[in-house]
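Sequence order for the protein chains is L and Z.
With my numbering, letter number 27 in the first sequence gets 27, and the count goes up by one each step, no holes.
With my numbering, letter number 11 in the second sequence gets 1011, and the count goes up by one each step, no holes.
Treat the hints with care, since some could be wrong.
Stated by the list, open to error - Some chain Z residues close to chain L (C-beta under 7 Å, calculated; not the full set):
#, residue
1, I1024
2, P1027
3, V1036
4, C1038
5, G1039
6, E1064
7, F1066
8, C1068
9, V1069
10, Y1152
11, T1156
12, F1157
13, Y1160
Unchecked claim - In silico lysine to aspartate or glutamate, EDC-like type, Cα no more than 16 Å apart, as pairs:
#, chain 1, residue 1, chain 2, residue 2
14, L, K341, Z, E1155
15, L, K341, Z, E1154
16, Z, K1013, L, D312
17, Z, K1016, L, E344
18, Z, K1158, L, D312
19, Z, K1016, L, E374
20, L, K280, Z, D1159
21, L, K383, Z, D1159
Hints listed in this document are in silico derivations from the structure and should not be mistaken for laboratory results.
Treat the numbers as computed from the prediction; the structure is a model and nothing was measured.
The C-beta atom is built at its ideal place from N, Cα and C for all residues, glycine as well.
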Amino acid sequence: MKRIYMDYAATTPVDPRILKTMKPYFSKKFGNSMSLYHLGREAKDALEESREKIASFMNADANDLIFTGSATESDNMALKGIAFANKEKGKHIIISCIEHHAVLDTAKWLQNQGFELTLLPVDKYGFLDLKKLEESIRKDTIIVSIMHANNEIGTIEPLEEIGKICRENGVYFHTDATQSFGKIPIDVKKMNIDLLTCNAHKMYGPKGVGALFIRNGVKIEPLLHGGGHEFGLRSSTVNTAGIVGFAAAVDISKKEMDSDAKRITKLRDMLIEKVLKIEKSHLNGHPKIRLPNNANFWFSYIEGESLILHLDIKGVAASTGSACSSESLEPSHVLIAIGLKHEEAHGSLRLTMGKYTTKEEIDYVAEVLPGIVESLRKISPFKRDCK
Amino acid sequence: MKHYGMYTEEVMKHFKKPINMGRIKNPDGTGKVGNVVCGDVMYLYIKIKKNKKDEDIISDIKFETFGCVAAIATSSMITKLAKGKTIKEALKITKMDVADALGGLPRIKLHCSVLANDALREAIYDYLTKNKLPIPDELEKEHKRIMKETEYVEETFKDYTKMQKEQLNLKEK
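Next up, chain Z with everything else stripped away, as it sits in the complex (with noise of 0.2 Å):
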């Protein structure tokens, strides 16, 4: 494997050509987590729909980082590998899946895929809410861990979230 400084080939043209970047409008479910150990901020979209056998899939899926090289390319690979996907193979998917695709990270940037991993599951965690699903108990934990560790983030950003907020609002209205 190539090396580009500290990054992979792969870190690289993700970072350069990140796919499902942006926005979904109307998602079925949305994950917005920080990271408490360098302060990145990740949004992540889910639509969801039924596949011949019932089952719901990530039918779309698209992210807004404010993050480092390793922050947007981990963003981009957590869609790819996440995008088509039933919500229970998507809920297998772990951090060393998303840092191994990506032809692995530096040490210091492990916690980037962390981040990634996380918000994907905050986003099926919401769909699952909103519609009154069942939650699976390792879910159930690791939204609890999250939404602790983003209480941090959403404390240190705060100025700019609200700032956001009241931009959504004027749209909205």
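In isolation and in its complexed conformation, chain L is listed as follows (with noise of 0.2 Å):
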């Protein structure tokens, strides 16, 4: 059966270009970089020419990054690691509604320990309120964490506003580019960012590798002791061939990120534009200003589990924010902040593309989708007004 793969955003295959520049790494120039000897200073020279890498693609000094093994770890030390370091400035941290749960989860504990959190609202497309933001700001608030985009329906934030607000008010501004790193641009210098998420595996690199920008002079405690590895933020023992396989990605998301997202965009737009013609079809997320490889949906009368599981018998990955396929039984806290009933965020689609992203996949799915939706609503009660 044919294989059509429709969720980059949860991970990406490993580009066979990248794979070839991280296998020296594991046998031969199988090294720890902290030794002496010939052997630790190949796997140093690689590691820092990695940083600076991948430093350099979001306009950062090199010696502002440190590597991770996830971009949950980089969430995790952003949001920890600023609220243990800085207690004596506050204990009130500000994120959105609508962060991932890397983020959203860590800074819910945070609020367990004795930290003060503030949520704040999103609008119908999912774009931040700013005005809320500066009249949330306190003079104990120690960061502010919002993503670049958001995994589930796409949009892109308003980074340099939101950088400026943070800025201007002294307080450290974090973001969660997981899904836009490698996709569309991001600069810290100029939208003024303090400390940046990121990650190897959503943009055709191997998975275990995250990294984490943290600008020079910011205040922050690592979350890992040892060793010493990462400037003393991060010990462990380097993972040499991940993060080659990290700057791989980065080397030719440099050279063909701009018209790939020029490609994905068109094929977005067109499913959909072919999607929409179903009947009680609706686009969740902003129409243009979202990613490129991003188109999310519910349909009105039908539950995500269900669909997901017939487009995977049409042979389509795909995903849901139904409740029903999470493992807390709740829907996305995404659908919800953006407006959706329980029962709309039920019926919820996500599909996202990548650069292996045919036409021809489009159209298969475009082809498919309807008459899975049209079935399910057979079965479903609250279906009167479809035919």
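Once you've looked at the hints, go ahead and assemble the two chains, each given alone in its own frame, into the complex.
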């Protein structure tokens, strides 16, 4: 059967060119970057060269970037590390209500530890309320964390404005750029970003490698103590192969990001146009100010997990924000935050494309989807006004 | 037993091709239940006839479900288990019978079998009430619990149900 991958926001396949770059670092150049002999130096050189490449991609200084094990770890470190290091300034944390769980749950954990948390609302497209942000910043606010682009609905937040507000108010600004990094440009200097989370596996690099940009001068505590790797901020033997892979992914993105984005945006808009022809189908997020590869819908009267499994039977891999598909049996907090009702979030479908997505694949998805929606509506008690 | 991800083959069979799906016109009993856990909704319709021993049997049964793979599969399975049974026999079906007949359900989806079972009980309760027949104590107790839970779900889904009522009214007029 034809297998069509439409879940690039979950993870991406490793680009063969990247894998090739990584390979020597498993068995030949396997040294520990902390060792003094040539194998160690070789690993250290690869590490620093990678750091330089990735940092320059976000217009950061190489010494301001540390490697971690995942974007989740980077988010945890940004929030907890700032919270622990800046207690004398205050205990107030601000995040948006559509952050990824890596930020949301970390902030809530900190709240349980005695920190104060403000969750900022978003509008129906998922855009942050900038006025509310300004009003929420207090003397004792230590960090504002707002994601660059939302992982579910793809909405791109106005980081430059947010960064400006934070800088003017003297508050650290962290952004989770996991979904956007390598897809749309980001500039930590221009956007006044103090901390930035990104990772490799959403941009055709390997899993298990993340990075955290920490602007020079930011007061932060490490999560992991030990051998003093990564300027003493993240002890752990360095994952050289993974990091080299991350840098290779950035190298490719530098060259191909713009043309890929252009092509994928076209596919995305084609898909959205076709899917919205289905009766009672709705687009989540903004029609244009969204990630080039993200399309998110909800269909009245049906449930997302059933939709996903029917798509799977047809060979299409996709995802949903339905309560039924989550471990907590709660619907997606993002869809609820943009104003969807529980039953509307129930019927949501996220299709995310990538550089290997073809027009034929888009056509195929658009061809099988209406039939699946229709068959599920036939079973649903709420279908009366649909054919 | 082969598994399709977290679901068994039997679950997938009923999900792909549910049996007894749809609505019965002028049903003798209707069970409408909602799941407080995840928000799934199930409507179950029954038709009752007498057998040779003059006992009430479920001669026809159909369902409509707004829910996940497990909700659809358990709906389909409960209709299979209840069809042709006397009311007394049907009331003996448990949520575990439904789950077992499907070759098991993931722990997180066990509540779906509760929903299917509740819908059947409600349909029988509705039939007994309408026909002023005696209602077993156990069923009465369960009805009260189900009503309480359904109230919550109805509140959650009031826009959907309101719209549906309006459409039904239009049709009847």
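Hint by hint, here is what the structure shows:
1. The interface hint given for I1024(Z) is violated, since its Cβ lies 13 Å from the closest Cβ of chain L, which is over the 7 Å cut-off.
2. The interface hint given for P1027(Z) is violated, since its Cβ lies 13 Å from the closest Cβ of chain L, which is over the 7 Å cut-off.
3. The beta carbon of V1036(Z) comes no nearer than 10 Å to any beta carbon in chain L, farther than 7 Å, and the hint placing it at the interface is violated.
4. Satisfaction of the interface hint for C1038(Z) is found here, the shortest Cβ-Cβ separation to chain L being roughly 4 Å, below the 7 Å cut-off.
5. The beta carbon of G1039(Z) is positioned within 7 Å of a beta carbon in chain L (closest approach about 5 Å), and the interface hint is therefore held.
6. Here the hint on E1064(Z) is kept, as its CB sits about 4 Å from the closest CB of chain L, short of 7 Å.
7. Interface restraint check: F1066(Z) against chain L, minimum CB-CB distance 5 Å, threshold 7 Å, status holds.
8. Given the 7 Å rule on beta carbons, the hint for C1068(Z) holds: about 3 Å separates it from the nearest Cβ of chain L.
9. With its C-beta approaching chain L no nearer than about 5 Å, V1069(Z) sits inside the 7 Å limit, and its interface hint holds.
10. Against a cut-off of 7 Å between C-beta atoms, the interface hint on Y1152(Z) is violated, since the closest Cβ of chain L lies about 11 Å away.
11. Taken as an interface hint, T1156(Z) checks out: its beta carbon lies about 5 Å from the nearest beta carbon of chain L, inside 7 Å.
12. The interface hint given for F1157(Z) is met, as the beta carbon of that residue sits about 5 Å from the closest beta carbon of chain L, less than 7 Å.
13. At a threshold of 7 Å, the smallest CB-CB gap from Y1160(Z) to chain L is about 5 Å, leaving the interface hint in force.
14. Of the supplied pair hints, the one linking K341(L) and E1155(Z) holds, its CA atoms being roughly 12 Å apart against a limit of 16 Å.
15. About 13 Å separates the Cα atoms of K341(L) and E1154(Z), which keeps this hinted pair within 16 Å; it holds.
16. Distance restraint check for K1013(Z) and D312(L): the Cα-Cα separation of roughly 14 Å lies within the 16 Å cut-off, and the hinted pair is therefore satisfied.
17. The straight-line distance between the Cα atoms of K1016(Z) and E344(L) is roughly 23 Å, outside the 16 Å bound, and the hint therefore fails.
18. A threshold of 16 Å between alpha carbons decides the hint, and for K1158(Z) with D312(L) the separation of about 31 Å lies outside it, so the pair is violated.
19. The hinted pair formed by K1016(Z) and E374(L) meets the criterion: a straight-line CA distance of about 13 Å does not exceed 16 Å.
20. The suggested pairing of K280(L) with D1159(Z) holds, with an alpha-carbon distance near 15 Å, which does not exceed 16 Å.
21. For the proposed pair K383(L) and D1159(Z), the alpha carbon gap of about 13 Å is at most 16 Å, so the pair holds.
Taken one by one, the earlier hints fail for this structure at numbers 1, 2, 3, 10, 17 and 18, listed in ascending order.
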